[in-house]
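Residue numbers (this note's numbering), protein chains in the order written: chain S, 1 to 224; chain V, 1001 to 1108; chain G, 2001 to 2378.
Watch out, some of these pointers could steer you wrong.
[Unchecked claim] Straight-line alpha carbon distances no greater than 20 Å define the calculated DMTMM-like cross-link-like pairs of lysine to aspartate or glutamate that follow:
1) G:2183 to G:2075
2) V:1044 to G:2165
3) V:1044 to G:2075
[To be verified] Cβ-Cβ distance ranges computed for the label pairs, FRET-style:
4) G:2022 to V:1011: 19 to 29 Å
5) G:2232 to V:1029: 22 to 32 Å
6) V:1001 to G:2107: 54 to 64 Å
7) G:2254 to S:186: 56 to 66 Å
8) S:138 to G:2344: 47 to 57 Å
Calculated directly from the structure, the hints in this document are not laboratory data. Beta carbons: idealized from backbone N, C-alpha and C, even for Gly.
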Amino acid sequence: MIELSDIKKAFNQGKPNEYWALHGIDLALEAGKVTAFRGPSGSGKTTLLTIVGCLSRPTSGRVRFKGEDISGLPERFLTDIRRQSFGFVFQQFNLIKGLSALENVILPAFPTGRPRRELISAADALFDQLKLGHRSAAKVEWLSGGEQQRVAIARALINDPEVIIADEPTANLDTALSKEFMAILEGFTAAGKTVLLTSHDPLVVESSAVHRVVGMRDGRLTDD
Amino acid sequence: MRPSTFAISGLAILSLAAAALLANPGQAREAEQKLADNRALVEKYGLTDLALFTEARYTRHPSQADLHSAFQDHPGALEHFPSGSLLAPRPSALKPHEPLAGKTTTPD
Amino acid sequence: MSPWLEKQLHLIDFTLASLGRRKTKNIGLLVAYTLIVFVLASLTLFTHALRSEATFVLASSPEVILQRMVAGRHDLIPPDYIEKIGRLRGVQKKEGRLWGYYYDPVLNANYTFMARPADEVKDGYIMVGNTLARERGLAAHNTISFRSYSGKLFTFEVSAVLSPDSELLSADLVLLSENDFRKFFEYPAGHFTDIALSVANPQEVRNIAAKLSSSLPDSRPILREEVLRTYQSVFDWREGIVLTVLAGAILAFAILAWEKASGLSAEEKREIGILKAIGWETGDVIRMKSWEGLLISLTAFLLGFIAAYVHVFHLGAAVFEPVLKGWSVLYPSFTLVPTIDGLQIATLFFFTVFPYTAAVLVPIWRAAITDPDAVMRA
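Isolated chain S, as found in the complex (with noise of 0.2 Å):
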C-alpha cells in the first residue's frame, strides 16, 4: 500500500547545523496491518512517519502511496491526501485546549464543508465505541491521561482515514490504559484500517496486536 524508496530527509539544508534524519529507507508497508516501529529516540522513526503521512516532504526519494507517487505533490494536494486517508495520534495527543472534547473530534472535517449535524453524529458514534460518551462536552484540559488519548483517537477517526499513525502512543499511559489502547488497535484491524505505530515500549512491540515491527538506528532500517 505504501512504497518509501531511498527516503533522505536533511534539516537544515545547506547551514551549520544541517542534520540528515534519514539515509535513505526502502520499504514496503502492507494495508490492514498493524506495523511498529521501533528504535531509540532520534533515530529518525517519527521523521519517516511525518513522511508517510504527508506532514513533510523527503529530501530525496519517492513515497508512493496506493501506488501513486505523492512526493512531489504540492501542499494542497498533500493536505487533501493527508485530510481523507490519515489519522493522527499525536505523543503529546495535541488537543485544542479550551475546545470540548466534541469540538475537537470533529475539527478534522471542517474543512470538508460536512454538516455539522452529521459530523456531529459520527463524533457521537466514535464516543460510544471508545466509551466516552459522558465526556463529549467536557473541555480536554479537565480530562484524564487515558480520556484524552482516546478523544484524540476519535479525532483520528472522523474523517473515516485508512491509516492510522499513532507516534508514541502509549509515551504517556500506564500499562492498564497501555493495554486498553492495544485492545482499541486491534479494533482497527478488524475494522481493515493500517496503523503504523512508532514505540520503544515492549508492551506495544511485543504485543499480538502488532503484526510487524520495523526497527530503527540512526536513520536507518535495521535487521529486525
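The hints should help you fit chains V and G onto chain S, whose structure is shown.
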C-alpha cells in the same frame, strides 16, 4: 443554536438596522417641515448665523465680526485663536457686570 | 447547503469557540473598538448634519450685508449712507438693520437684540428665543426687566416665545420694536447697525459687492456665499480639535488592537500547527482568522455606528455638548435632521474594519506557512 448561526444572524440584524437607518433618515416629512420653517425664519429676520456659541460676538456671529478682533464681549470668553486658550480671562472682567438680580423693583 | 458555505460556518464556529476562551479580553477589545467607532462616527455624523443643516437654512439669509468700518472696527451706518448707495442695478431691496448685543448679568450670558417692524412687535413687548426663555424661566405674557448699558431699567412683556424647533438659530434672540431698541441702547436716530441687500441674480452678487466697495470705500460687504463658506470651515476646525483630543485615545487603541491582533502567542502558533497536521490547509487557517478579524471589526463597526446615529440624531449629541458649549451659557438644545454622507461612512468603515482584519492576518500568514510536521517534532 450553533455559534456561527448566532453570529451571522446577529450581524445580519445589525446590518439591517444600520441599512434601515441609512435608507430612512428619521421622519422625513417632519424633518423637511422643520428645515423649511427654519429657512423661512432666517429669511424673515435676516439671520446670518447659528446661535451655537453665544459667548462672544465673533462666535455668535462669525460671519459678521471682524475676524481678528481681539476683544471679547463676554468676560468669560477666551480667544478665537489657539493662543487664547492659554490666557485666562481677567478676574476683574466680571466686576462691572455684578449680577443685578433681585435689585430690580419689577419681577425679572 | 453547499459544502463551501458549510465550511465557512465551521470556520466561524471554530473562531468563535477560540475567541470564547478569552472572553473578558475579547469582549473588552470589542467594547473599546465599538467605543472608538462610536466617537468617530458620532463626530462625522454630527459635523456633517450640522454643516448641511446650516448650509440649507442659511441659504435664505441676505445676499449681501454691508458694514461700515471705522479704524478697523465696524461702526454704525450714518443716516445718509443708504441714499449714498443710490440705485444699483440688480439690487431688489436695501434696508437698514438694527441689532446688537446685550450682556445679561443674571445669566452671565450675551443676548442678541434685534429690532423688528412695529407690526411684528409692539412697543413694550418682546419676543424671545426658546433657550433664553427656558434659562430665564419665561413664558408668554411674563414681564422681564433689563438694565440698559446706560443704567436705566426697562421692563418688557413677552408677547411670544420663538419655536423650540428653531433654537439652533434663535437661542438668544430678543426681538423688540425699533423704538424700544433705539431707546434701550440710546441708539442715535437715523443710524443703523448694517444694511441688508437682496440681490435676485446670484451671478450679480460679486459685481454688486465690487461696486459697493468702490463707491463706499469705508464699507465691508459680507456675501452670503462667504457666510456659508465660514460655516463649512468652522466645523472642520471644530472637528479637528476634537480629533486632536481623540488622537491619543485612537493611538492607544491602535496599539492595543495591533498588540492583540498581531501578537501571536506560542499557544496560538502551536494550535495552527495542530490544525495543519490534522488536515487544514494554510488557506483554511487564514480564512478562519479572517473571519475572526471580520467578525470583531464588523460587529464593532455596526454597533458603534448605530449607537452614534442614535446618539447624534435622537439624543442631541450629548457627548459633544460640553465640547461645543465652550464658554457659552446659552446652549441651544436642538435635534439635527439626519443627513448622511455615504462617502464619509464608507471611509470610516474602511479605516476601522480593514486595518484590524489586516493586523489579524499578517502574523497568521507567517505562522500558517510553517511546515505541519512541526507538531510531531516538538
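Cross-check of the supplied hints:
1. G:2183 to G:2075: Holds. Residue 2183 of chain G to residue 2075 of chain G sits at ~18 Å (cutoff 20 Å).
2. V:1044 to G:2165: holds, 16 Å
3. V:1044 to G:2075: violated, 24 Å
4. G:2022 to V:1011: 19 to 29 Å: holds, 21 Å
5. G:2232 to V:1029: 22 to 32 Å: For residue 2232 of chain G and residue 1029 of chain V the Cβ distance comes to about 27 Å; the hint holds.
6. V:1001 to G:2107: 54 to 64 Å: holds, 57 Å
7. G:2254 to S:186: 56 to 66 Å: holds, 58 Å
8. S:138 to G:2344: 47 to 57 Å: Between residue 138 of chain S and residue 2344 of chain G, where Cβ atoms are some 50 Å apart, the hint holds.
Violated hint: 3 only; the structure is consistent with all others.
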